[in-house]
Amino acid sequence: MNELHLTPDEIVDYLHGELSPERDAAVAAHLASCAACSQVREEELTLTEMLRAHVRAEEREMPATVAAAIQTAVRRAPQPGWAAWDAAFRPLLALGAAAAVALVLWAGLSVAHLGSRGAAIDAADYVDRHTTLSEVTPFADDAPIPPVFASENAPR
Amino acid sequence: MRRVSVAGAAFVLLALTRATALPASDRAISLLCAALAAPATVSYTGLVESLRIGERGAQASVYRIEHRAPNFTRRTYSAPPVLSGDAIVTRGDVDYAIDVKARKIEQSLDVTPTSTADFTADEALIRRNYRAVEENAEALDGRQTVTLTAINRYTNRTTLRVQVDRATKLVLDQREYAGDGSLRSEVRFESIRYARVPIRDFRIPSYPREQVREVEERTLDTAVLNEDAGFSAQEPHVMPEGFVALEGDLTELHGIRTVQLLYSDGIRTFSLFTSGQAVRPEMGPLHPAAVTVGGRGGAEYAKDGALDILTWNDGRLYYTLVGELELAELQRMAGSVRKP
Numbered sequence: 122m123n124e125l126h127l128t129p130d131e132i133v134d135y136l137h138g139e140l141s142p143e144r145d146a147a148v149a150a151h152l153a154s155c156a157a158c159s160q161v162r163e164e165e166l167t168l169t170e171m172l173r174a175h176v177r178a179e180e181r182e183m184p185a186t187v188a189a190a191i192q193t194a195v196r197r198a199p200q201p202g203w204a205a206w207d208a209a210f211r212p213l214l215a216l217g218a219a220a221a222v223a224l225v226l227w228a229g230l231s232v233a234h235l236g237s238r239g240a241a242i243d244a245a246d247y248v249d250r251h252t253t254l255s256e257v258t259p260f261a262d263d264a265p266i267p268p269v270f271a272s273e274n275a276p277r
Numbered sequence: 281m282r283r284v285s286v287a288g289a290a291f292v293l294l295a296l297t298r299a300t301a302l303p304a305s306d307r308a309i310s311l312l313c314a315a316l317a318a319p320a321t322v323s324y325t326g327l328v329e330s331l332r333i334g335e336r337g338a339q340a341s342v343y344r345i346e347h348r349a350p351n352f353t354r355r356t357y358s359a360p361p362v363l364s365g366d367a368i369v370t371r372g373d374v375d376y377a378i379d380v381k382a383r384k385i386e387q388s389l390d391v392t393p394t395s396t397a398d399f400t401a402d403e404a405l406i407r408r409n410y411r412a413v414e415e416n417a418e419a420l421d422g423r424q425t426v427t428l429t430a431i432n433r434y435t436n437r438t439t440l441r442v443q444v445d446r447a448t449k450l451v452l453d454q455r456e457y458a459g460d461g462s463l464r465s466e467v468r469f470e471s472i473r474y475a476r477v478p479i480r481d482f483r484i485p486s487y488p489r490e491q492v493r494e495v496e497e498r499t500l501d502t503a504v505l506n507e508d509a510g511f512s513a514q515e516p517h518v519m520p521e522g523f524v525a526l527e528g529d530l531t532e533l534h535g536i537r538t539v540q541l542l543y544s545d546g547i548r549t550f551s552l553f554t555s556g557q558a559v560r561p562e563m564g565p566l567h568p569a570a571v572t573v574g575g576r577g578g579a580e581y582a583k584d585g586a587l588d589i590l591t592w593n594d595g596r597l598y599y600t601l602v603g604e605l606e607l608a609e610l611q612r613m614a615g616s617v618r619k620p
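These protein sequence lines map, in sequence, to chains A and B.
First residue of the first sequence? That's 122 in the working numbering, and the numbers climb one at a time after it.
First residue of the second sequence? That's 281 in the working numbering, and the numbers climb one at a time after it.
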C-alpha cells in the first residue's frame, strides 16, 4: 500500500480474502474513506459479475469496437482516381458487373451441384476447442498450450 | 483443472445406478481415484515437461507450475521459445492468459469445481470403465511413489500409467497410450516442492485485458443447444464402451455457430462438433487421408499430435470428431450420427 492509494493487486487480494487480518482491516478502513480506491474495487467486482452474466446470457450484443470498425470500413471513401473512372464508365461497368454476377452464379451452382466444401477453418481451432473443454477431465494434460498462444505463435 | 457439468455428473450417477454391482474394494483403483482430488488439498511448485506425440512429430512444452490449493494456479512457460515468459494464472473462478510479448491478457470465466461431489462423478466413471494394477514402487525426484496402470475393462488395453506420490497422492508422472500400445503423451514433474505458495505469486500484470473467450452457453440439454444454434445437432448412437456426455457447448468458430459435445470415459475424451453452415476443416499441413463414413466417401482423417480428427458432412450438417480414439472407432461413431 503506498501512502495515498491501494494498488490494484491489493484490492484483488482483499476481494479474494487473501490478506492477513491486520492488512484486511487496514484496507477496509482505507476503502471506506477513499473514493478512488473504492471505485477500483467496484470496477473489479463489476468485471467479475459481467463475466458471469456474459456466460449465462442468451443473447449477445456485438462489441462496440467491432461495430465501429465495420462502420468505418463501409464509410471509407473510394480513391479519387477510381471514383472518376467509375463515374465515366458506370453504365458499361454495370452491364459488365451483371454479366460477371451471372457467371459467378452459374459457376457457384455448378460447384454446389458437385458438393460445396464451404468455409475453411483451420483444423487446429477444433483441436484447441476440444483441448480447452477436455482439460478438465481427470488426468487430462495438466496444461495444454493455451489456444490464445497456440493459434498465434506456437509452431504446430 | 477439473470441470464436470452438473448435468453430466447427474447423468453418470444415474447411469451407474443401472449398472451391475461394482467389484470389491480395489486398493490400486482407490489410489488412482485419490490422485484426482489431490490438487484440491495439496499446494506445490515444480517444473513440468509435457510431451504429445503424433504421427510425424511431437509437441513439447516446459513450464513452471505453482499451485495454491484449492484453486490458485500459475503456469509460466519456458519452452518452446515462442511461449517463453507467457503464463496462465487461475485465481478462483477466473483464468488469465498472459501474453508478455504482446502485453495483453485474455480473461475468461473458469468454473473449475473443487467439491467432493464433482470428484465423485469422475471417480465413478473411472471405476466403471477401468481396472488398475499397482506395480513396483520407485523413487521419483526424491519422493517415494507407486506406479498405477489403468487398463480399459472393455478392450483390456493399457490406457494410462501414473506415478503417484505415496505421501500426497499427487501424480508426478503420467503417460497415456494409444490403442496400439504406443506412447501418446507424457506429463512429468521435476523439482517438486510441497509448500504453501504465497498469494503474491498469482498477481496479474496491468496489461489491457482483451475479450472474454466467447462461450454462449454450456449445457448438456441438446434441445436447448439446438434451439439456440438454429439446427438439430445429433449425438452418435454408437460409441466405444464406457463413454458418457460430459459437456455441451454452443459457440462460434470464425463466425460459424457450432455445437460441441464432449464425451469421456474417465480418461479418454472426444468432442463432436456440428455446424449448420458449410464448413471445411483445413487439414492440409496434417496430411489428411480420404476415408469413408457409413459407406460414403468425402470424409477426411488426420492426426494432430496425440489427437485424431475425422470430418464429414451429410449434405445438411457438417461434422468434426476430435479425440483420443482410433480411426475405426471414429468411423463407427460417425456412421451412427443420423441425418436429422
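If you're looking for bench data, these hints aren't it; they were derived computationally from the structure.
Quick caveat, the model's predicted, so the values are computed rather than measured.
Each residue gets a CB set at the ideal place from its N, CA and C atoms; glycine is no exception.
Please note: incorrect hints may appear among the correct ones.
From chain A, some residues computed to sit far from chain B (all C-beta separations above 12 Å) [said to hold, decoys possible]: (1) His137; (2) Ala146; (3) Ala153; (4) Ala156; (5) Ala157; (6) Asp243; (7) Thr253.
Quick list of the computed label-pair ranges, beta carbon to beta carbon [unchecked claim]: (8) Gly564(B) x Ala147(A): 53 to 63 Å; (9) Ala156(A) x Gly535(B): 11 to 21 Å; (10) Glu165(A) x Ala419(B): 19 to 29 Å; (11) Asp145(A) x Ala475(B): 19 to 29 Å; (12) Ser358(B) x Ala241(A): 32 to 42 Å; (13) Tyr487(B) x Asp145(A): 25 to 35 Å; (14) Arg480(B) x Ala146(A): 17 to 27 Å; (15) Ala241(A) x Glu606(B): 47 to 57 Å; (16) Val413(B) x His126(A): 56 to 66 Å; (17) Ala320(B) x Ala147(A): 30 to 40 Å.
Consistency of the hints with the structure:
| no. | hint | in the structure |
| --- | --- | --- |
| 1 | His137 | violated (6 Å) |
| 2 | Ala146 | holds (17 Å) |
| 3 | Ala153 | holds (23 Å) |
| 4 | Ala156 | holds (21 Å) |
| 5 | Ala157 | holds (16 Å) |
| 6 | Asp243 | violated (5 Å) |
| 7 | Thr253 | violated (8 Å) |
| 8 | Gly564(B) x Ala147(A): 53 to 63 Å | holds (60 Å) |
| 9 | Ala156(A) x Gly535(B): 11 to 21 Å | violated (43 Å) |
| 10 | Glu165(A) x Ala419(B): 19 to 29 Å | violated (45 Å) |
| 11 | Asp145(A) x Ala475(B): 19 to 29 Å | holds (23 Å) |
| 12 | Ser358(B) x Ala241(A): 32 to 42 Å | holds (34 Å) |
| 13 | Tyr487(B) x Asp145(A): 25 to 35 Å | holds (27 Å) |
| 14 | Arg480(B) x Ala146(A): 17 to 27 Å | holds (19 Å) |
| 15 | Ala241(A) x Glu606(B): 47 to 57 Å | violated (26 Å) |
| 16 | Val413(B) x His126(A): 56 to 66 Å | holds (59 Å) |
| 17 | Ala320(B) x Ala147(A): 30 to 40 Å | holds (31 Å) |
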